[in-house]
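Going line by line, the protein sequences match chains V and P.
Going by the working numbering, the first sequence opens with residue 103, and the numbers climb by one from there.
Going by the working numbering, the second sequence opens with residue 97, and the numbers climb by one from there.
Fair warning: there could be bad hints in the mix.
No more than 27 Å apart at the CA atoms, straight line, and that leaves these computed lysine-lysine pairs for BS3-like [claimed, not checked]:
| no. | chain 1 | residue 1 | chain 2 | residue 2 |
| --- | --- | --- | --- | --- |
| 1 | V | Lys111 | P | Lys134 |
| 2 | P | Lys203 | V | Lys111 |
| 3 | P | Lys203 | P | Lys112 |
| 4 | P | Lys134 | P | Lys166 |
Don't read these hints as lab results, they were simulated from the structure.
Because the structure is a prediction, the values reported are computed rather than measured.
Here are the chains, one letter per residue:
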Amino acid sequence: NAGVTQTPKFQVLKTGQSMTLQCAQDMNHEYMSWYRQDPGMGLRLIHYSVGAGITDQGEVPNGYNVSRSTTEDFPLRLLSAAPSQTSVYFCASSFSGTDGNTIYFGEGSWLTVV
Amino acid sequence: AQKVTQAQTEISVVEKEDVTLDCVYETRDTTYYLFWYKQPPSGELVFLIRRNSFDEQNEISGRYSWNFQKSTSSFNFTITASQVVDSAVYFCALSEAGGNNRLAFGKGNQVVVIP
Numbered sequence: 103n104a105g106v107t108q109t110p111k112f113q114v115l116k117t118g119q120s121m122t123l124q125c126a127q128d129m130n131h132e133y134m135s136w137y138r139q140d141p142g143m144g145l146r147l148i149h150y151s152v153g154a155g156i157t158d159q160g161e162v163p164n165g166y167n168v169s170r171s172t173t174e175d176f177p178l179r180l181l182s183a184a185p186s187q188t189s190v191y192f193c194a195s196s197f198s199g200t201d202g203n204t205i206y207f208g209e210g211s212w213l214t215v216v
Numbered sequence: 097a098q099k100v101t102q103a104q105t106e107i108s109v110v111e112k113e114d115v116t117l118d119c120v121y122e123t124r125d126t127t128y129y130l131f132w133y134k135q136p137p138s139g140e141l142v143f144l145i146r147r148n149s150f151d152e153q154n155e156i157s158g159r160y161s162w163n164f165q166k167s168t169s170s171f172n173f174t175i176t177a178s179q180v181v182d183s184a185v186y187f188c189a190l191s192e193a194g195g196n197n198r199l200a201f202g203k204g205n206q207v208v209v210i211p
């Protein structure tokens with residue numbers, strides 16, 4: 103059982119380049135989301151999805167794009183990378199419902215924009 | 097809007113001492129869920145506990161214990177007899193029922209256990 107898998111783990115980008123962070127889960131979870139972690143800021147929600155074909159913005163969505171064509175995958179796209187997007191990115195997934203399901207996180211993707 | 101506050105940023109303790117991490121939350125919902133996660137130096141997020149707003153019983157798991165008090169909107173975490181392996185960043189988080197499992201995180205507590 104792989105859980106939540108993120109790729110790549112490390113990436114260096116030049117300002118203005120685009121890239122996609124991949125996230126896949128094999129637990130048949132309806133909910134998936136992306137967070138970014140910056141020093142002293144905790145984790146902040148970028149985008150989330152409640153199921154295939156449905157996405158919505160979180161707290162810090164600017165500069166990022168997402169889509170959810172399958173239940174398993176939830177890629178995060180940086181359209182034109184900026185140094186302010188240097189961060190650690192975490193993908194998360196969980197079952198639906200209102201009983202506070204455990205939220206599982208991937209191992210993180212370290213992104214540096216120079 | 098949901099909000100989580102972890103006041104202390106870095107806490108240093110000598111091995112075998114106890115350490116308590118404070119977590120204060122704000123929410124308008126009557127049904128919500130509180131979490132603690134551990135982030136060791138390797139960077140991954142490790143789930144420690146989930147507690148719903150209707151269950152105010154304290155919980156103990158080995159050297160870890162949690163004190164949930166709705167009256168003060170707090171969900172504090174204590175590590176008893178700390179060990180070097182407890183050195184990590186600890187995050188408190190909140191999700192609201194019907195909030196699509198969106199988590200609001202505190203800024204985290206860096207715990208350093210000195211041997």
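Structure-based check of each hint:
1. Restraint check for Lys111 (chain V) and Lys134 (chain P): satisfied, since their Cα atoms lie roughly 19 Å apart, inside the 27 Å limit.
2. For the proposed pair Lys203 (chain P) and Lys111 (chain V), the alpha carbon gap of about 23 Å is at most 27 Å, so the pair holds.
3. For the given pair, Lys203 (chain P) sits about 25 Å from Lys112 (chain P) by alpha-carbon distance, which is consistent with the 27 Å threshold.
4. Straight-line distance between C-alpha atoms of Lys134 (chain P) and Lys166 (chain P) comes to about 23 Å, which keeps the hinted pair within the 27 Å bound.
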